[in-house]
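Protein sequence lines, in the order shown, are assigned to chains A and B. First residue of the first sequence? That's 1 in my numbering, and the numbers climb one at a time after it. First residue of the second sequence? That's 1001 in my numbering, and the numbers climb one at a time after it.
Everything labelled a hint here was simulated from the structure, so no lab data went into it. Certain hints may be false.
Here chain A is said to cover these stretches of chain B; the calculated rule only asks that three of the stretch's residues, wherever they fall, bring their Cβ under 8 Å from a Cβ of chain A [stated by the list, open to error]: (1) 1020 to 1028; (2) 1031 to 1040; (3) 1058 to 1065; (4) 1068 to 1080.
Cβ-Cβ distance ranges computed for the label pairs, FRET-style [said to hold, decoys possible]: (5) B/His-1104 / A/Phe-99: 23 to 33 Å; (6) A/Cys-168 / B/Asp-1049: 43 to 53 Å; (7) B/Arg-1190 / A/Val-19: 39 to 49 Å; (8) A/Asn-50 / B/Lys-1141: 44 to 54 Å.
Just so it is clear, CB atoms sit at the ideal spot from N, CA and C, and this is done for glycine as well.
2 protein chains.
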Amino acid sequence: MELLKQKIIDHGIVKAGGVLRVDSFLNHQIDISLYQEIGKEFYRLFESDNVTKILTVEASGIGIACMTAQYFGVPVVFAKKSKTSNVAENNYVGHIYSFTHQCHNDIIVNREYVTPQDRVLLIDDFLAKGSAFEGLIDIVKQAGAYLVGAGSVIEKGFQGGGDKLRSCGIRVESLAIVDSMEEGQPIVFRN
Amino acid sequence: MELLKQKIIDHGIVKAGGVLRVDSFLNHQIDISLYQEIGKEFYRLFESDNVTKILTVEASGIGIACMTAQYFGVPVVFAKKSKTSNVAENNYVGHIYSFTHQCHNDIIVNREYVTPQDRVLLIDDFLAKGSAFEGLIDIVKQAGAYLVGAGSVIEKGFQGGGDKLRSCGIRVESLAIVDSMEEGQPIVFRN
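Isolated chain A (complex conformation) (with noise of 0.2 Å):
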């Protein structure tokens, strides 16, 4: 998506560490007519797949999943990150593990809002390694559900996780794919 790639060329930062920083557009503050032209083109990408509910994971999943739902005219259901190992009998439990910040989460679904009878598209904005849409994908296999497939707005390339995904049968689609980048360096993107 260029629109999005030129965004990331003009705004984004690459900071050590494998870290790229899109929080003025992306993930902090939003540019709501990029959100609304990716919607756009997640839309054109699964709009032929009866896609009957679009899950996410908060926080910053969440926006993005609703800008994309209006064009589906689908419900968004997005996973809570809990707090409680109190968690109560009545949801699903996936476990992700966050690289950047270094701690493990389970996530928790209401089993109402995923069922045997939905096709459900995943949505987020990062795919690194790919942990929170593992965790989602256990949940959409918990819940008898099937998997569509996963949008990820930007894909780390060079950390594995979007292809691992793909190499499992998983339909993948990145708006943008960064294969490698580093500190003053352009970033080069995959085509």
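Got chain A sorted already, so can you dock chain B onto it with the hints?
Below, chain B alone, put in the same frame as chain A:
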């Protein structure tokens, strides 16, 4: 907003301790057409106020803020709940207390994203005792920006936060104000 009140009547669940569960349509599973109508209603209420930025706090405010922002054509900024006391110097820091989770949180906003030139509209899903809005108002003040007002989807009128803010001269618009609710009883809305 009649559509919202009807949703609350049909699908809201009143629990002990002043808890109103609306997670089937508002803050876990999201009815995206309702979110669109909520966004249009906030736009109708504040369209003449030259809003330049919408400020909310993660997590459940983000989707509503994004859907609203697209009608204004302005960016969203969402305050992040700080996980560390080691907050970067470049942030405004506000303080909120969650009565639901009984915990204190610092919330942070990068100084670049709210400026003295901004006319800020606050948006959140719930207004109970007002702590989240107070934390956001503090950040608006630190930034020297102009506070246009605050929009909440559901106000628990009986918890007093909205009226406290109004008594301080702040314009608060809630799309549904619950004045009383008890398990097994009809919900009473303010007219």
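*asked:* Under 8 Å between beta-carbons, do enough residues of the segment 1020 to 1028 of chain B, three at least, approach chain A for the coverage claim to hold?
replied: holds (count 3)
_At least three residues with a C-beta closer than 8 Å to a C-beta of chain A: is that true for the segment 1058 to 1065 of chain B?_
Holds: 6 residues of the segment 1058 to 1065 of chain B have a Cβ under 8 Å from chain A.
*Could you see if the CB distance from B/His-1104 to A/Phe-99 stays within 23 to 33 Å?*
holds (27 Å)
*Check of the segment 1031 to 1040 of chain B against chain A for coverage (Cβ-Cβ below 8 Å, three residues minimum)*: Contact hint for the segment 1031 to 1040 of chain B vs chain A: holds, 5 residues under 8 Å.
_Taking the Cβ atom of B/Arg-1190 and the Cβ atom of A/Val-19, is their distance within the range 39 to 49 Å?_
holds (47 Å)
*Kindly confirm whether 43 to 53 Å is satisfied by the beta carbon distance between A/Cys-168 and B/Asp-1049.*
Holds, since A/Cys-168 and B/Asp-1049 (Cβ atoms, about 50 Å apart) stay within the stated range.
*Go ahead and decide if the range 44 to 54 Å is satisfied by the Cβ distance of A/Asn-50 to B/Lys-1141.*
holds (49 Å)
*Mind taking a look at whether chain A covers the segment 1068 to 1080 of chain B? Criterion is 3 or more residues with CB to CB distance under 8 Å.*
holds (count 9)
In summary, this structure violates none of the numbered hints.
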